[in-house]
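Asks: Knowing the structure of chain A, use the given hints to seat chain B on it.
Number of protein chains: 2
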Amino acid sequence: MFKYLLLGVLSAAALTAAVPASAPVYGLVLHGGAGVIRPETLPPGQEAQYRAKLQEALDAGYAVLEGGGSSVEAVIAVITILEDSPLFNAGKGAVFNADGICELDASIMDGRNLAAGAIAGVQHVRNPILLARAVMEKSEHVMLTGAGAEAFAKQQGFELVPNEYFHTELRRQQLEKVRKRETTPAKASAAILRPTDEKHGTVGCVALDRAGNLAAGTSTGGMTNKKFGRVGDSPIIGAGTYASNATCAISATGWGEYFIRLGVARDIAAQMEYRGTPLAEAAAATIAKVGQLGGDGGVICLDRAGNIAMPFNTVGMYRAFRLSNGETAVKIGR
Amino acid sequence: MFKYLLLGVLSAAALTAAVPASAPVYGLVLHGGAGVIRPETLPPGQEAQYRAKLQEALDAGYAVLEGGGSSVEAVIAVITILEDSPLFNAGKGAVFNADGICELDASIMDGRNLAAGAIAGVQHVRNPILLARAVMEKSEHVMLTGAGAEAFAKQQGFELVPNEYFHTELRRQQLEKVRKRETTPAKASAAILRPTDEKHGTVGCVALDRAGNLAAGTSTGGMTNKKFGRVGDSPIIGAGTYASNATCAISATGWGEYFIRLGVARDIAAQMEYRGTPLAEAAAATIAKVGQLGGDGGVICLDRAGNIAMPFNTVGMYRAFRLSNGETAVKIGR
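These protein sequence lines map, in sequence, to chains A and B. 10 is the number of the first residue of the first sequence in the numbering used here; add one for each residue after it. 10 is the number of the first residue of the second sequence in the numbering used here; add one for each residue after it.
One should not assume that every hint holds.
Claimed, not checked - Quick list of in silico lysine-lysine cross-link-like pairs, BS3-like style, CA-CA up to 25 Å:
#, chain 1, residue 1, chain 2, residue 2
1, B, Lys163, A, Lys147
2, A, Lys236, B, Lys163
3, A, Lys189, A, Lys236
4, A, Lys163, B, Lys236
5, A, Lys298, B, Lys147
6, B, Lys298, A, Lys147
7, A, Lys101, A, Lys163
8, A, Lys298, A, Lys101
9, B, Lys189, A, Lys147
10, A, Lys236, B, Lys147
11, A, Lys340, A, Lys298
12, B, Lys189, B, Lys236
13, A, Lys189, B, Lys147
14, A, Lys340, A, Lys101
15, A, Lys186, A, Lys101
16, B, Lys163, A, Lys189
17, B, Lys163, B, Lys147
18, B, Lys101, B, Lys186
19, B, Lys189, A, Lys163
20, B, Lys236, B, Lys186
Said to hold, decoys possible - Chain B residues, not near chain A, derived (Cβ > 12 Å throughout):
#, residue
21, Arg47
22, Val170
23, Gln183
24, Arg188
25, Arg190
26, Gly342
I should point out that these hints are in silico values taken from the structure, not numbers from a laboratory. Even for Gly, the Cβ is constructed at its ideal location relative to N, Cα and C.
Chain A on its own, in the form it takes in the complex (with noise of 0.2 Å):
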């Protein structure tokens, strides 16, 4: 009998640690963008950087999911702390665009009720996926641009930035070097260059909660060099952005015209709602239709029972995963 019962509390304990199969999982996916990226080859120390902004990223999302909050806010805190970081191409630390300024896009987007907030070329707001939230919570649209995002910012009460905050060193560099390489006789029949040897930066997360509902967010500062108020795939809905609890969550980064013109992010989700593919085969089967067209990048994906698929066709891409169940990962290569 005393047997029967100790076995039993070690069971309980057991369990509490390891979460049964028949307890809700939930957790976060992260990512930091995708590109030409090789641990081996990053400046001295670089590595750790990433490695432990991505775990900071990761802790600080799992923990408001571990204490009960909503899939969206686990988001709102993965996407925060790397749109802060200089390390990633999202707020702080964004590309240069032609004219010498950051111009940010983000968006996202509840699984619960399909409610998604975007912005596309901000230059003045701190945290582009907090602006984003508040196009989905508070006003009655989806999708607002360049000075009149602002001008809704600004009515939201938040505070904005000068455009130099979010100006680092290293992204004047990458623009010096990419209009160099412009004004080379060979590429200058080429009106807008073409994106193939810069890292994406993006960043995104995808995130499930203790009540199973998804969410999904992405933000960015494009493409370096960009002109003529490009836009790519980060604010656009079910091309960089997508999540529906009938389905999944999906955060993109790439090459942002190719997933535009996949909806990356719908397509996978099309695959799971109307043929029954599981996440990581969509997931895969979708990505390679990226290349196929000659695209590159690649994508984060979590669905309800809390299973993940993070494929990309570039070298490398930063990213992060940590589940309830107990697996966890923080990766940049193969």
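Replies: For chain B alone, kept in the frame of chain A given last:
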């Protein structure tokens, strides 16, 4: 021997005239917006004006296809006519934003190769659909916005027009009406007004050419009294516009926020692609989802076999189609 030859000649003539089942069908569908549209309540003479303009656009697009032109060219022919007409909320006759300015969005997609172009928030481009096409064909981008998009237009040799070119007295009156309603106490708390009883006068066209290629395009002035650089679904690839030879071509019109959240155009195509759902059934299912979420509007759809669908959950939708098998109609109400 003579008899057989004669039969051969007659058959060839019959083929040219009537198009047998074995010949590829070509044709197009267009819309001029969905909303509270009842032919019987239009001002005297207006129904005839609308019908005449829809017919003119239909004939122009059909002539392109009949002459062997591409589906992209047919879409352009149709939409430029509707943009140039003050009857529709696109190009000349677009609605005013909250600042009394016309701000135009448009997109186009080529089903052959999933090439796409979109512009949002332009104020000086006479035919926004032509600029969307230039983005698709002359840039490496998919979406350009605001003043940047106009800088691209200038670079491409577009003649810019003063914003006054787009202004009409009717739209001015609509703006005043909406402004007045917004300042009544009951509505004052709603920061941004719902477009519930405004017509959605977006225009669009889907076409299938003799070579079997699909294309889709959409153009709009958006919502009366819109603020904050609001962008609806019309310039969002996968929401307001989508075309793929693998499935179908779609152009949407309606309450854009819902169409973005559901990724309406891509959702219809995805049902065909991943579940084998016939076009009409897929389109009806997606429009039902729009209604369930609280939105309204409609879509025009065309697949590679020449099947068409034009579902809407509003009172009416200006629409027309013509196929090479002889089927044609111009419709306004149910």
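Asks: For the pair supplied as a hint, Lys163 (chain B) and Lys189 (chain A), confirm whether the alpha-carbon distance does not exceed 25 Å.
Replies: Since the Cα atoms of Lys163 (chain B) and Lys189 (chain A) sit roughly 24 Å apart, the hinted pair holds (cutoff 25 Å).
Asks: Verify the proposed pairing of Lys298 (chain A) with Lys147 (chain B), using a straight-line Cα cut of 25 Å.
Replies: 23 Å, holds
Asks: Can we confirm that no CB of chain A comes within 12 Å of the CB of Arg47 (chain B)?
Replies: For Arg47 (chain B), whose nearest Cβ neighbour in chain A is about 26 Å away, the distance exceeds 12 Å, so it holds.
Asks: Quick one, are Lys340 (chain A) and Lys298 (chain A) close enough, alpha carbons at most 25 Å?
Replies: Between Lys340 (chain A) and Lys298 (chain A) the Cα gap is close to 24 Å, so the pair holds against 25 Å.
Asks: Would you check the hint for Lys186 (chain A) and Lys101 (chain A), treating anything up to 25 Å between C-alpha atoms as holding?
Replies: 20 Å, holds
Asks: Hinted pair, alpha-carbon criterion (25 Å max): Lys163 (chain B), Lys147 (chain A). Please report holds or violated.
Replies: Status violated; Cα separation ~36 Å.
Asks: Lys163 (chain B) and Lys147 (chain B): Cα distance at most 25 Å?
Replies: 13 Å, holds
Asks: The output says Gln183 (chain B) does not contact chain A. Does that hold with a beta carbon cutoff of 12 Å?
Replies: 18 Å, holds
Asks: Mind checking the alpha carbons of Lys236 (chain B) and Lys186 (chain B) for me, to see if they're no more than 25 Å apart?
Replies: Status holds; Cα separation ~16 Å.
Asks: Is the straight-line distance between the alpha-carbon of Lys101 (chain A) and that of Lys163 (chain A) 25 Å or less?
Replies: 20 Å, holds
Asks: Is the straight-line distance between the alpha-carbon of Lys298 (chain B) and that of Lys147 (chain A) 25 Å or less?
Replies: Roughly 23 Å between the alpha carbons, so the hint for Lys298 (chain B) and Lys147 (chain A) holds.
Asks: Verify the proposed pairing of Lys189 (chain A) with Lys236 (chain A), using a straight-line Cα cut of 25 Å.
Replies: With Cα atoms ~16 Å apart, Lys189 (chain A) and Lys236 (chain A) stay inside 25 Å; holds.
Hint compliance for this structure: hints 1 and 8 are broken, all remaining hints hold.
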